[in-house]
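Engineer: Protein chains in written order, with this note's numbering: chain S, 1 to 533; chain F, 1 to 261.
No wet-lab data here; the hints were simulated from the structure. Since this is a predicted model, take the numbers as computed values, not measurements. Beta carbons: idealized from backbone N, C-alpha and C, even for Gly. Possibly wrong hints are sitting among the right ones.
[Claimed, not checked] Simulated coverage check for chain F against chain S, where a stretch passes if three residues somewhere in it have a Cβ under 8 Å from a Cβ of chain S: (1) 81-94; (2) 189-203.
[What the hints assert, rightly or not] Some residues of chain F that are not near chain S, with every Cβ distance over 12 Å (derived): (3) 62; (4) 168; (5) 207; (6) 231; (7) 236.
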Amino acid sequence: MAGVLTEPPAPTATPEVSLFRVLLEMRGAIMKRRSATPKGLAGLLALLVVVLLMAVSTLLAGVAHYAHQGAGADVVAVLTLGWLLGWIIGPLFAGDDSTLRMDYFKLLPVPADRLSWAMLGAAFADVSLVFSLVAFASVTAYGLRSGAAAGCVGAVATLLTLALAVVSSRAAVCLLGPRVSSRRGRDFGTVVIALAITAFSLASSLVPLAAKILTEGRSPALSATVRVLPSGWGAVAVAAAARSDWAEAVLVLLALAALVVGITATLPALLRRRLTMSTRAGSRTRVRQASQSRPILPTTPFGAVVGKELRLYSRSMMRSVSLMIAFLVGVFVCVIPGLSGAKLMMPFAGLGFAAIAAACFTNLYGDDGTALWLMLTNPPTAAADVRGRQAAWALLVGPLSLVLTVVLTAVSGERWAWPWVLAGEPALVGGAAGLTVWISALSVFPPAADGGPTPQRQLKVNLSLILIPLLTLAPAALPPVLGTVGHSAALRWAGVPVGVVWGSVLWWGLGRLAERTLTSSGPEIFARLRRTG
Amino acid sequence: MLHAMTDTGDSVPALRLRGLTKRFGEVVAVNSMDLTVPQGSFFGMVGPNGAGKTTALSMAVGLLRPDEGHAEVFGHDVWSDPIGAKSLIGVLPDGLALPDRLTGREVLTYLGLLRGMDRETVARRAGELLEVLELDGAEGTAVVDYSTGMRKKITLATALLHGPRLLLLDEPFEAVDPVSAATIRTILQRFVSGGGSVIFSSHVMALVEQLCDRVAVVSGGRVEAAGTLDDVRGSQSLDEAFVHIVGARTGGAEGLSWLAS
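Take these sequences, add in the hints, and give me the full structure.
Structural biologist: In structure tokens, the structure reads:
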């Protein structure tokens with residue numbers, strides 16, 4: 001090692017090498033590696049097709065003719081808003097900026113300003129921008145329908161909106177990134193994904209409603225809102241140009257350009273903050289200290305598990321958000337159609353909530369990861385664990401579901417629904433209490449390396465969402481079906497005791513099965529959790 | 001090569017592994033391992049990475065089912081008499097999860113009640129453990145926000161809570177700061193001088209030399225040498241004896257001429 005002391009230190013920075021080019025090469029290498037596998041390539045192609053279809057349909061919405069005056073601008077504004085939100089939320093899906101992660105650059109002796117400009121340049125030199133360009137061109141298409149001049153205004157608006165999307169996306173990564181890379185932050189990332197999925201499912205009932213309202217010009221408030229947001233400014237400028245109101249058109253375009261410049265100017269500061277920020281900043285939660293003795297729960301192994309589970313439901317973000325999503329989706333999907341007069345679904349909101357809440361918790365042992373060691377190294381505690389988990393879930397979901405069912409059935413005025421929903425409540429809540437622990441013990445999917453749920457886990461949740469209502473509700477629904485067909489009120493109401501009995505049988509029986517599985521193959525389940533966990 | 005030690009006297013060993021074997025596909029992680037840990041001993045298990053230490057300890061505590069062989073705790077077979085065996089042991093695994101949204105005290109309370117202890121005893125012992133392990137300053141902090149050292153300490157507390165007679169610790173000093181390590185060391189020494197038995201795995205030879213009266217060198221899934229510390233190391237340091245027994249070659253002397261100081 002003689003040379004160690006004699007050779008000069010290596011240069012610490014190489015300003016002559018373009019940082020921008022290095023970033024591009026790095027991203028290219030990462031992308032190439034990612035799409036090298038057949039699976040990766042297939043996924044990429046599928047994504048391309050979907051995004052292309054979305055972009056083209058957005059463009060076509062700008063070309064379409066709307067009966068109501070100004071509806072075209074509203075629709076273009078709404079769709080642009082959707083794309084812009086995608087740009088801002090998209091990086092969170094990937095857990096951070098998925099290819100050029102900020103953490104790679106934390107230790108480099110490169111000034112944040114230079115890095116910021118290079119990263120922004122790399123963001124603009126991205127082929128996938130073509131799709132967004134096609135989508136944002138809907139405002140150009142909308143302008144061309146009113147003439148070449150309005151088309152030109154639209155073209156400028158398209159480019160400015162694209163620039164807005166790119167710089168907003170960079171700003172979002174800088175602002176939200178740190179949380180995404182911390183342990184609790186991965187919770188946050190999971191939550192964002194869950195919320196996005198919820199938003200998509202809600203959108204399926206909300207978007208047709210919103211589009212209908214906008215195209216018919218029924219809601220000036222909604223129309224004004226989508227135009228006031230920056231995503232709507234392009235449409236506003238084009239609409240002004242179509243009226244030959246050039247002053248307004250130019251002013252609005254200038255405002256859009258100013259916004260882009262403004263956000264761009266803050267990027268170096270945001271990046272500096274992001275690179276120097278502790279990943280755990282602000283993520284700690286102080287747990288409220290309970291008084292020493294709180295003898296609500298029994299002082300038994302069962303009581304201990306119920307207490308632990310109830311705390312986890314309130315403190316684990318993944319669990320509390322799953323419950324919240326179950327509530328929102330269950331209620332909204334059944335209540336939103338009611339707003340336009342179709343109240344048929346309203347009585348079933350409580351059951352919908354319980355079914356989704358059950359499906360979300362069919363991977364209890366997988367989600368807890370290797371914490372199963374505590375059960376395996378203790379003298380047998382599987383029974384207490386299973387029964388405690390069942391009780392905690394039912395305590396949280398049961399009463400709320402029942403209240404929803406009773407209140408919304410009463411409000412809806414759908415009196416025929418009473419025997420159906422009251423038979424379904426005990427069957428679904430009791431049965432799901434059994435099914436959640438049984439499915440959780442039968443198949444475990446540990447969290448991915450980044451702490452989030454794996455695709456297999458999500459598939460299991462989706463399958464459970466179909467399976468759980470089918471298995472629990474079918475026997476309880478039989479008497480009401482027969483009663484309705486045979487015009488017998490007594491038979492219709494016979495579903496309630498059937499539901500109670502069926503729910504109890506599933507609760508007890510499947511709980512027992514889960515307990516046996518855990519006792520007999522605990523180490524094998526643990527091995528699966530440890531290998532991938 | 002030294003032979004695995006034999007029983008001392010008539011007392012039942014705290015831990016005895018007989019012909020313990022585990023294969024993962026083609027790889028034999030633990031190969032017919034025999035090991036005896038006498039009562040009252042402070043036993044160190046050393047070996048290179050991938051030697052099979054964690055796999056062997058996992059089989060000894062009921063976390064991993066062996067393909068062949070037996071593990072006995074004070075004469076109770078871990079796999080055929082799990083209640084008898086598991087009520088006598090305390091386990092500190094390396095890197096496994098806890099219900100980490102609970103605070104330290106809540107984790108201990110939950111585990112104590114799960115073991116069927118009464119609330120007063122659990123509350124008293126949890127309080128003492130948190131104080132001795134210097135975790136009482138973090139009463140309002142959930143385990144998810146603990147540092148690595150704090151995590152080790154709370155896991156050690158869960159292992160001690162029910163008053164076990166044998167502690168099995170997988171890398172208890174890994175990634176722990178010197179102050180926390182000293183605390184853990186003192187507690188373990190008190191546990192042994194009070195009649196308890198400890199077996200722990202480690203890479204740190206100096207620590208094993210300082211703490212243990214007995215040691216086993218594990219390599220390639222087998223016990224290559226075991227016995228009292230002096231038996232195993234002979235006239236050399238444990239470090240030298242280890243390299244000699246494992247037959248490893250130390251690298252790092254070639255190349256890197258550009259690496260300036």
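Engineer: Would you list, in rising numerical order, the hints stated earlier that this structure does not obey?
Structural biologist: 2, 3 and 4
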